[in-house]
Amino acid sequence: MNELVFFINNVVIAGSVTGSIYAIGAIGVTLIFSIMRFAHFAHADMMTFGAFMVLLLTTAFPAAGTAIGVPTALIMLPLAMVLTALLAVGIDKAFYKPLRAFGVKPIVMVIGSLGVTLMLQGLIRLFAGTGGQSLYVGDRKEIFRLGLPFEGARAPIVVTEPQLYLFVITIACVVALALFLNRSRLGKAMRAMSDNPELAQASGINTNTIVAVTWVIAGGLAAIAGTLLSLDVTFKPDLSFFLLLPIFAAAIVGGVGHPYGAIAGGFVVGFAETLAVFNWNVLLRPFQESFPAWLELPSNLAFVGTEYKIVVPFFILVAILVWRPTGLFKGKVI
Amino acid sequence: MTPIIEVQRVNKAFGGLKVINDCSIQVEKGSITGMIGPNGAGKSTLFNLIAGALTPDSGHILLDGEEITALPADARFHKGLLRTFQIAHEFGQMSALENLMMVPPHQAGERLFATWFKPGLVRREEDEVRRRALEVIDFVGLHHVRNELAGNLSGGQKKLLELGRTMMTDAKVVLLDEIAAGVNRTLLGDLMGNIERLNREMGYTFLVIEHDMEMIARLCDPVIVLAQGSVMVEGSIDEIQRNPEVIEAYFGSDAA
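Same order as they appear, the protein sequences are chains D and X.
FYI, UniProt numbering numbers position 295 of the first sequence as 295, with every residue one higher than the one before it.
FYI, UniProt numbering numbers position 34 of the second sequence as 34, with every residue one higher than the one before it.
Just chain D, same shape as in the assembly:
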């Protein structure tokens, strides 16, 4: 029974946490791709920027949360989302819009976004330093231990407070986004523009508005993903950057340009990572007696060592590109 709890803690919960963060990041990447047709590499640093805004605001008003009983960082999140959305729109106006107006190829936009990445990283390090800082400035990170009502279940299921918030916020984001894309005219206009920009404009859709709305959504979601990640771990200037690859893998696995695909892809990549580094010996050990004598379980039965976790998204990416190049949900391109 304790082995099962171990499995839940290390795979189900850990996978959901990683998956949620990848999913929220991948939605932004995929939306930007479907509207502007380029891979936005600066997305991870927009996540960092969002988390950094939360850190600044939380440091400035550390007591704001205790009054209501939620972590201050969470109260500052909406404000950070607005700031990150503004940054995203600003970056677009300053760097991407002139490129678009010039009619450059998508690859030039991609290189441009790499430039933005380096710039944002530099700027954030300039102000935040290079070390890690906790987003829990004035509060304490609650850890919930849920005991199981079973005979012999001594180990509890462990969920931390930010992880619970992460699940709730992820579900809220997905529902709100689905409503937005399917119900609102602006959301439909986004779908229309990703389908056929020329016709969209000839149907009275203001493409500049759609581009701005896309950046607002992508920026807001990036702030959420970055903040929740930093809440779960700790704020570091390069933390989100290392998620860039898995996030792109998630977007491609789900089908580029397909928001629901991005969500599915996020969880696929997230769970694949945690399952790959999980030590299966733990689950198999209780059955040791029923195995033949010559079969002795090695003490570490993980598919890959934790230090090689980063290869998992790579592997999934290659596999998907070989077997199902349009992604799980049929994406637009690739």
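Honestly, the hints are just simulated from the structure, not real lab data.
Possibly wrong hints are sitting among the right ones.
Once the Cα atoms are required to be at most 30 Å apart in a straight line, the calculated DSSO-like pairs of lysine-lysine come out as [as the list claims (entries may be wrong)]:
hint : chain 1 : residue 1 : chain 2 : residue 2
1    : X       : Lys-18    : D       : Lys-97
2    : X       : Lys-79    : D       : Lys-97
3    : X       : Lys-79    : X       : Lys-172
4    : D       : Lys-236   : D       : Lys-93
5    : D       : Lys-105   : D       : Lys-93
6    : X       : Lys-79    : X       : Lys-29
7    : D       : Lys-309   : D       : Lys-141
8    : D       : Lys-141   : D       : Lys-236
9    : X       : Lys-29    : X       : Lys-172
10   : D       : Lys-93    : X       : Lys-79
11   : D       : Lys-236   : D       : Lys-309
12   : D       : Lys-105   : X       : Lys-18
As the structure is a prediction and not an experimental result, all values here were calculated from the model.
We have chain D; now place chain X onto it with these hints.
Positioned in the frame of chain D, the structure of chain X alone reads:
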């Protein structure tokens, strides 16, 4: 008669290639004006300039007496200037019906908060739009394929969908870019009937680029002949067909 579209001394060059050369035309309100000319005469470019997909290097474009030269295509749409495309455009990932429902402007769904907090209002407006889209799809004879993805429709059906799109909103002027190309004869008869009805009953003005002379002869008066980026001659179809200059340029010297 008052002109609804005025193109005044417009020029447009792509690189060194001068496509539209000091071109001026007028389209009368309530007319079905035809535009013909040999390949490369600048018909489609002039269309794109009027619709706002391109901006002229110099000159002015007026809609109903109002200067629209600098307006983007979507703003011109909201002023009642609609177009179809030479190669039919559609939202391939949406059904034929959804394609039509994309068009009508100013729905409650456009306002974000209404979407989340006033679903009733949004649904009523959506029902209204759906009703109209169903009427239109009957009108253009696509009822049986209304739930197919538009990307899977035949070329001719996509053309009908293009015409249907122009009927979803109250247009003043509709620019039809080779609407007959790739449409079979029976369908073409319907199409022309629909254009005539829209012109007569709804007061639409049409500007039509067409290679199908039969269609031009049946629908259009007057007809503008474009050659080398400017107007060669303008008049009724009979005058045009008798004009030796036109026969030379358009039908080739052998036809004369």
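Is Lys-141/D within 30 Å of Lys-236/D, Cα to Cα? Satisfied, since the Cα-Cα distance of roughly 17 Å is no more than 30 Å.
Does Lys-97/D sit within 30 Å of Lys-18/X, going by the straight-line distance between their CA atoms? holds, 28 Å
Lys-93/D and Lys-79/X were given as a pair; does the straight-line alpha-carbon distance stay at or below 30 Å? holds, 27 Å
Quickly compare the C-alpha distance for Lys-105/D and Lys-93/D to 30 Å and report which way the hint goes. holds, 18 Å
Agreement of Lys-79/X and Lys-97/D with the hint, judged by alpha carbon distance not exceeding 30 Å: holds, 26 Å
Does Lys-141/D sit within 30 Å of Lys-309/D, going by the straight-line distance between their CA atoms? Distance ~26 Å between Lys-309/D and Lys-141/D Cα, so the pair holds.
Assess, step by step, whether the Cα of Lys-105/D is no farther than 30 Å from the Cα of Lys-18/X, and give holds or violated. Holds, because 25 Å separates the two Cα atoms, which is no more than 30 Å.
Hint check: Lys-29/X vs Lys-172/X, CA-CA at most 30 Å. Holds or violated? Between Lys-29/X and Lys-172/X the Cα gap is close to 9 Å, so the pair holds against 30 Å.
Is the hinted pair Lys-79/X and Lys-172/X satisfied, with a Cα-Cα distance of at most 30 Å? holds, 8 Å
Given the hinted pair Lys-79/X and Lys-29/X, is their alpha-carbon gap at most 30 Å? Measuring from Cα to Cα gives roughly 15 Å; hence the hint holds.
Hint consistency between Lys-236/D and Lys-93/D [alpha-carbon to alpha-carbon, up to 30 Å]: holds, 27 Å
Tell me if the straight-line CA distance from Lys-236/D to Lys-309/D falls inside 30 Å. holds, 19 Å
Taken one by one, the earlier hints all hold for this structure without exception.
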